[in-house]
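Participant: Just so you know, the sequences run in chain order L and E. Following my numbering, the numbering of the first sequence begins with 446 at its first residue and continues without gaps. Following my numbering, the numbering of the second sequence begins with 446 at its first residue and continues without gaps.
Because the hints were derived from the structure by calculation, they are not lab data. Keep in mind it's a predicted model, so treat the numbers as computed, not measured. Check each hint, because a few of them may be wrong.
Copies of the same chain look alike in the list, so a pair counts if it fits in one copy or across any two.
Said to hold, decoys possible - Think about it this way: if two alpha-carbon atoms lie no more than 20 Å apart in a straight line, the pair counts; the simulated SDA-like pairs of lysine to any residue are:
| # | residue 1 | residue 2 |
| --- | --- | --- |
| 1 | K526 | L638 |
| 2 | K528 | N641 |
| 3 | K504 | K520 |
| 4 | K520 | V507 |
| 5 | K568 | N537 |
| 6 | K574 | N537 |
| 7 | K600 | L638 |
| 8 | K611 | D587 |
| 9 | K615 | P628 |
| 10 | K600 | Y545 |
Number of protein chains: 2
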Amino acid sequence: MNSKISEKVINRLTLYHCILSDYINKGIEFISSKQIATLLHIDDSQVRKDINMLNNSGKSRVGYIVKELKSSIEKTLGFKKTKKAFIIGAGNLGSAIANYGNFTDYGLNILALFDNDPAKIGKVVNNMKIQEVSQLPLAAKDEDVDIAILTVPGKFAQSTADFLVKANIKYIWNFTPVVLSVPDDVQVWNENLMGNFLQFTYNI
Amino acid sequence: MNSKISEKVINRLTLYHCILSDYINKGIEFISSKQIATLLHIDDSQVRKDINMLNNSGKSRVGYIVKELKSSIEKTLGFKKTKKAFIIGAGNLGSAIANYGNFTDYGLNILALFDNDPAKIGKVVNNMKIQEVSQLPLAAKDEDVDIAILTVPGKFAQSTADFLVKANIKYIWNFTPVVLSVPDDVQVWNENLMGNFLQFTYNI
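With the rest of the complex left out, here is chain L (with noise of 0.2 Å):
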């Protein structure tokens, strides 16, 4: 169960999951295969395998039984470990990362929002003040938190970075076009929206 999951699957099993948030909500007990093939027009058997590597029991004649598969997804991708955040840049992108549905229940907690407008300082989105950014690093010592989502503007992405490594952040996950130095123990994860844009439109 904790052999490494290549990113493909994850990535299935994290929409298997919005399905399956979504069916619960309908009050939709029973799920088939094919449905979640279906919606996501991928292949029955493919959804049957990856649901095979889950430590899932939750299978009838009628189907996967929702909550107990939806569990099963959880217990897998360690929706449990709880990982909190910062937002580093509280602009249209920051706000709307920090606003954006169901990431708590995927495991992420962002704490806060940082910026160096003043105008924006004090605001709050989501329920979550916006500092200036000179507190983050003692907040981030204080609340142990070593993950920063940076949203700043691309003119700004490296020495927001740079300032980000001072603070012993260990784990930037990316949302500029602009691709860091950082040195070797900070992992960066580049949310690559062009490269995706790009891998999408290849074919067509």
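Could you slot chain E onto chain L? The hints should help.
Facilitator: Structure of chain E alone, referenced to chain L:
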């Protein structure tokens, strides 16, 4: 050259492209595979292998010629095939994408934003006017747009997708945390932020 390039390679090539754009801005003429590899914390030989796939002639003893390598990547990934798109949902996320630096460099031409909030209609985001969503079907027809970037709140995702399908949109780049149900001739590209986050954090 036009054989299928894997998603991972496309993703890396766009990151190389970001680095090359940055080098051009800084007036640097040459780059080594080692420099690219160091920035991305990947293996040198991987970078060389990716670049060898391109139709790139600009190699010298002091490294790749930045401008030529950049244009080789653009040719291979088809940046010049411009794709027109609309953004549906002019909230924080839609506005962030409309403002997201260099999409046009990558062949994505966002023509307009649409929303149903009267307070937003007529406002301008990055030189694009926010239009009433009821005008979308005609605009899509007139301007021959079949890509929609969906950035509405999750609870309106499916109904908006239904509307887009009726308006003959064939590709939906879905930024909502909802799995959409669409006919077989419509393709949905899920920008699965939660999945990406879990992928990144799976091993920490």
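Participant: Among all the numbered hints in the text so far, which are the ones the structure does not match?
Facilitator: 4
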